[in-house]
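There are 4 protein chains.
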Amino acid sequence: MTKNILLMEGPDAKGLVFHVTEVLFKNNCNIMKQDEFVSPSGHFFMRTDFESDTEFDAEVVISDLRKRVPNEDTKFKVNPAKKKDIVILCTKEHHCLSDLLTRYHFGELNANILAVVSNYDKLEPFVSKFDIPYHFVSHEGLTREAHEQELLKVLGKYNPQYLVLAKYMRILTPNFVAKYSNRIVNIHHSFLPAFIGANPYRQAFERGVKIIGATAHFVNNNLDEGPIIAQNIKEVDHRFTAKDMSREGKDVEKTVLTKALKLVFSDSVFIYGNKTIIL
Amino acid sequence: MTKNILLMEGPDAKGLVFHVTEVLFKNNCNIMKQDEFVSPSGHFFMRTDFESDTEFDAEVVISDLRKRVPNEDTKFKVNPAKKKDIVILCTKEHHCLSDLLTRYHFGELNANILAVVSNYDKLEPFVSKFDIPYHFVSHEGLTREAHEQELLKVLGKYNPQYLVLAKYMRILTPNFVAKYSNRIVNIHHSFLPAFIGANPYRQAFERGVKIIGATAHFVNNNLDEGPIIAQNIKEVDHRFTAKDMSREGKDVEKTVLTKALKLVFSDSVFIYGNKTIIL
Amino acid sequence: MTKNILLMEGPDAKGLVFHVTEVLFKNNCNIMKQDEFVSPSGHFFMRTDFESDTEFDAEVVISDLRKRVPNEDTKFKVNPAKKKDIVILCTKEHHCLSDLLTRYHFGELNANILAVVSNYDKLEPFVSKFDIPYHFVSHEGLTREAHEQELLKVLGKYNPQYLVLAKYMRILTPNFVAKYSNRIVNIHHSFLPAFIGANPYRQAFERGVKIIGATAHFVNNNLDEGPIIAQNIKEVDHRFTAKDMSREGKDVEKTVLTKALKLVFSDSVFIYGNKTIIL
Amino acid sequence: MTKNILLMEGPDAKGLVFHVTEVLFKNNCNIMKQDEFVSPSGHFFMRTDFESDTEFDAEVVISDLRKRVPNEDTKFKVNPAKKKDIVILCTKEHHCLSDLLTRYHFGELNANILAVVSNYDKLEPFVSKFDIPYHFVSHEGLTREAHEQELLKVLGKYNPQYLVLAKYMRILTPNFVAKYSNRIVNIHHSFLPAFIGANPYRQAFERGVKIIGATAHFVNNNLDEGPIIAQNIKEVDHRFTAKDMSREGKDVEKTVLTKALKLVFSDSVFIYGNKTIIL
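For the record, the sequence lines run as chains A, B, C and D. Going by the working numbering, 150 is the number at position 131 of the first sequence; the sequence numbering is gapless. Going by the working numbering, 90 is the number at position 71 of the second sequence; the sequence numbering is gapless. Going by the working numbering, 181 is the number at position 162 of the third sequence; the sequence numbering is gapless. Going by the working numbering, 298 is the number at position 279 of the fourth sequence; the sequence numbering is gapless.
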């Protein structure tokens with residue numbers, strides 16, 4: 020028995036669900052779970068979890084699907100249901116990182132952490148407890164571009180499927196982002212789009228909000244404007260200083276990042292323009 | 020164009036989704052939304068929203084489905100997508116009732132409120148503002164059975180699809196429940212199964228809980244043990260008396276009841292043993 | 020027995036709590052609840068609920084307090100614990116209004132609704148069920164200033180302590196706001212400061228957020244930037260259109276407005292710069 | 020400057036707040052935060068955070084207080100504002116433990132973890148990463164009493180102020196509990212009082228609830244019936260198996276335990292009968 024996930028998206032048309040279910044049926048695949056969505060603009064998305072025996076050949080299935088849905092704007096992809104390879108980038112804060120390392124250590128993360136990369140050496144002693152390579156790539160004295168070249172060299176060794184920015188506090192250039200297009204997940208410490216940019220907890224304190232939040236999103240070229248994957252919030256009041264908000268917000272940040280990664284690593288997240296469709 | 024909902028449940032089998040999608044496709048029906056679930060015990064549930072032209076004949080579709088899925092344990096039902104007819108039962112508390120009446124008044128309830136029935140006359144002046152018949156059926160001096168006979172007489176005139184117990188504070192006999200089997204929705208003012216029975220806020224106060232809740236459920240013959248449709252909660256603390264909990268809990272109660280009714284009236288709720296499957 | 024609330028604010032100093040408790044003690048007042056807060060900038064706030072016998076004279080107490088705390092930057096106010104007089108302004112949406120009217124009708128609002136004023140006549144039939152005056156003051160063909168003059172004429176008859184903007188969809192001029200300085204409560208249908216301005220649900224939809232919210236705040240001269248009193252949120256996902264968000268958001272709006280008004284009408288909210296302190 | 024916390028409880032009486040504030044004022048103590056509560060039964064609780072210079076003598080303050088409040092049923096205690104000494108007990112599950120160890124490692128726990136004690140050796144490799152003593156005290160072949168004697172021997176070496184049961188899956192005898200009366204905090208994996216006893220997630224699954232929860236409480240002699248400190252919840256639906264609930268519930272458990280410990284270790288929790296008062 021093998022388990023796979025069929026991801027499909029394209030222009031909506033009558034009979035799409037029927038075509039897919041028939042092709043899978045005729046290829047001896049058993050659908051475990053199927054979810055679809057049609058956007059108001061008429062774009063169709065479908066995620067299908069299915070089981071099949073060992074003879075299963077993804078290329079045959081995709082070829083059969085293509086015959087039934089010849090429109091080339093429709094894309095099919097079959098992913099094996101297995102752990103993703105990831106590299107984590109961080110700076111000095113540990114809370115998201117330590118949550119991911121602990122889950123990984125106990126086999127509860129749907130990913131293999133290949134390495135941790137940071138522009139500081141502060142978290143190296145902690146990461147080393149978990150027998151995961153730590154790469155300290157200082158940005159001191161380097162241009163942003165030169166620093167990113169160093170990062171890319173390190174990342175190149177690991178060839179990760181996803182980069183996770185677990186409180187990596189530097190802006191990435193479009194050139195870097197393009198190398199991992201739609202494969203970088205960031206956690207931003209505000210309830211986006213409120214408080215874009217630096218020091219969101221300070222901004223929240225100044226504004227006197229009664230709820231703070233965190234947002235996990237894909238990184239694109241516009242700072243803090245990539246497709247949102249997950250958000251969560253926490254109530255605060257006038258007694259919270261900016262520092263209190265920052266401290267209390269950390270629990271929200273790690274919860275949101277964990278939730279988003281669970282969705283991304285199970286191939287549940289489609290990116291559509293500036294939004295995510297989660298099936 | 021007509022809109023209908025196909026409800027299907029029965030033993031799981033390979034190809035069920037395929038059979039249904041093919042039959043709908045061949046009957047010129049366009050699937051808008053389809054959700055399915057297979058229980059751990061192997062029971063299959065599917066809810067399909069679809070549009071069709073005016074020629075649509077539900078009997079033809081069901082007959083075609085039956086040919087493809089001959090297993091008689093599998094049940095098919097096609098419901099038109101339209102408002103349900105309901106009667107509301109209440110006692111003296113207004114909060115759930117007034118929320119439903121207001122939504123109904125402004126066309127925001129997916130149901131027609133045919134009448135309100137109560138064992139007290141207290142809420143009559145309020146209900147009369149909304150031009151809805153109010154039936155005061157006192158239980159004074161009557162056995163439970165005799166009182167229910169009176170209620171059934173009133174209900175018989177309206178032939179409602181669902182009864183909504185909007186804080187109706189009397190226990191119903193199995194005989195009464197059987198007349199509206201799986202069609203009575205109740206709101207219980209605790210986070211079931213905590214605090215079954217009378218005075219749940221008093222019980223919550225005595226226990227010193229930090230969260231109170233409310234539960235909307237179908238009524239069966241075991242008090243407060245019918246299939247749960249929706250639940251929600253509110254944080255409390257030591258400053259709340261039992262009376263405070265009761266007052267604050269009312270907002271949770273009406274939110275939960277509204278949510279449950281929205282699900283039930285859109286044919287999204289399957290009852291399976293003592294549980295609900297919500298698709 | 021009379022119940023009163025002492026509100027005090029000013030520069031922090033050693034012994035303030037002591038002075039107040041001693042003065043109340045010596046005036047035979049029994050403190051039921053006392054909450055204080057000192058801002059990081061050293062501003063002291065205290066709210067004291069107390070009971071006293073019928074001899075109680077607020078002026079004597081304030082005079083005694085002034086002797087102990089002669090700093091004139093410190094302000095004292097004694098409010099009787101009783102319902103506030105309010106006027107509600109609305110436009111066409113009923114959900115916040117109907118929630119307030121229903122609570123008022125059943126004696127559950129800590130305020131007397133003197134009148135409802137709207138720039139449309141749409142909600143008049145509903146309001147008239149509750150025997151509350153409805154004033155239709157159309158803005159058609161009037162400048163903003165001229166329309167506000169008409170509003171002020173109506174409001175002048177009622178002399179309300181607070182104005183509640185229950186989805187009043189027009190911007191108020193500084194001149195109008197100054198007439199009810201710190202006494203106008205608005206409900207904004209977004210999680211401020213996200214989505215300031217018009218059509219926040221449309222903006223939320225375009226941004227693809229996973230959580231929407233509502234914010235109750237005092238109105239000042241900067242649109243949507245007044246001191247925030249309460250906020251709450253609701254999870255949404257890609258299936259929500261802007262219209263769905265608007266519909267579902269209404270329940271959040273009315274919950275948040277009700278919560279904020281409960282705090283304001285119990286004299287629990289201090290305004291400090293652009294923030295609220297809630298004791 | 021030293022920081023201390025005054026804890027006071029006893030029968031309510033007129034002037035208590037006044038007496039305390041005057042005594043602190045005259046002893047040159049500056050109140051930072053003061054919260055009080057009077058139970059419906061007339062029991063008074065007050066927690067006062069205060070600063071004082073190095074001359075501060077807790078005994079003098081308590082003696083002064085006693086003169087003003089001679090009623091011996093009133094208890095005063097002055098605790099220095101510093102980290103508590105704790106020992107953690109666990110069995111095989113790591114999630115609460117690893118959260119506490121990580122927070123401790125980074126200096127974010129208001130406690131010193133003196134040791135971890137378990138009836139299994141499973142978590143020893145993980146704990147050893149943090150340089151904290153791990154004591155494997157197997158219960159195999161021992162009566163409950165004999166096992167507890169072994170535990171008490173280990174605990175005796177450390178003399179902890181609090182024991183934290185971070186998923187310690189064994190029932191404690193009254194004899195053991197008496198040794199750490201009101202000083203044992205447990206995390207129970209249900210929304211108490213729902214699902215008391217074993218396998219609460221299995222029970223929740225069987226009942227078909229839509230919300231699961233966790234409860235942190237002090238341990239007394241009645242299983243799962245000690246005073247509740249904190250609770251939190253998570254929404255579930257029909258797709259969750261008992262195992263899914265268990266996995267997802269772990270995040271709630273660790274959040275709730277962390278929250279409860281933060282309150283307990285800051286001397287914010289009074290125990291009153293079977294309830295907690297949190298100031």
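These are computed hints drawn from the structure, not numbers from a lab. Note that CB positions come from ideal geometry on N, CA and C, so glycine has one too. There's no promise every hint is true.
Said to hold, decoys possible - Label pairs and their computed distance ranges (CB to CB): (1) C:MET51 to A:LYS111: 42 to 52 Å; (2) A:GLU159 to C:ASP31: 18 to 28 Å; (3) C:SER82 to B:GLY216: 21 to 31 Å; (4) D:THR260 to A:LEU161: 49 to 59 Å; (5) A:GLU244 to B:PRO59: 12 to 22 Å; (6) C:LYS262 to B:MET188: 34 to 44 Å; (7) D:PRO30 to B:GLY216: 28 to 38 Å; (8) A:ALA217 to C:ARG163: 54 to 64 Å; (9) A:ARG85 to B:SER285: 49 to 59 Å; (10) A:LYS111 to C:GLY292: 28 to 38 Å; (11) B:GLY216 to C:ALA217: 45 to 55 Å; (12) D:THR260 to B:SER285: 23 to 33 Å; (13) A:LYS111 to D:ARG189: 38 to 48 Å.
To be verified - Output of the computed footprint for chain A on chain C, the stretches with three or more beta carbons under 8 Å from beta carbons of chain A: (14) 204 to 212; (15) 235 to 249; (16) 257 to 264.
Here's how the hints hold up against the structure:
1. A C-beta distance of roughly 48 Å is found between MET51 of chain C and LYS111 of chain A, which places it inside the suggested range of 42 to 52 Å.
2. Distance hint check for GLU159 of chain A and ASP31 of chain C: the Cβ-Cβ separation is about 43 Å, which falls outside the suggested range of 18 to 28 Å.
3. Between SER82 of chain C and GLY216 of chain B the CB atoms are about 55 Å apart, so this pair departs from the stated range of 21 to 31 Å.
4. THR260 of chain D and LEU161 of chain A have their C-beta atoms about 50 Å apart, which keeps the hinted 49 to 59 Å range intact.
5. For the hinted restraint 12 to 22 Å between GLU244 of chain A and PRO59 of chain B, the CB-CB distance of approximately 42 Å leaves it violated.
6. One distance hint, 34 to 44 Å for the beta-carbon pair LYS262 of chain C and MET188 of chain B, holds here, with the actual separation near 38 Å.
7. Range check, PRO30 of chain D to GLY216 of chain B: about 34 Å between beta-carbon atoms, so the 28 to 38 Å window is met.
8. The beta-carbon spacing between ALA217 of chain A and ARG163 of chain C, approximately 38 Å, falls outside the hinted interval of 54 to 64 Å.
9. Checked against the hint of 49 to 59 Å, the pair ARG85 of chain A and SER285 of chain B fails, with Cβ atoms roughly 36 Å apart.
10. Separation of LYS111 of chain A from GLY292 of chain C is about 32 Å and conforms to the stated range, judged on CB atoms against 28 to 38 Å.
11. Take GLY216 of chain B and ALA217 of chain C: their Cβ atoms lie about 50 Å apart, and the range 45 to 55 Å holds.
12. Look at THR260 of chain D against SER285 of chain B: about 26 Å separates their beta carbons, and that is inside 23 to 33 Å.
13. For LYS111 of chain A paired with ARG189 of chain D, a C-beta distance near 40 Å keeps the hint of 38 to 48 Å intact.
14. Counting residues of the stretch 204 to 212 of chain C whose C-beta lies closer than 8 Å to any C-beta of chain A gives 3; at least three are required, and the coverage claim holds.
15. Only when three residues or more bring their CB closer than 8 Å to a CB of chain A does the claim for the stretch 235 to 249 of chain C stand; here the count is 4, and the claim holds.
16. For the stretch 257 to 264 of chain C, the stated coverage by chain A is satisfied: 3 residues place a CB nearer than 8 Å to a CB of that chain, which reaches the threshold of 3.
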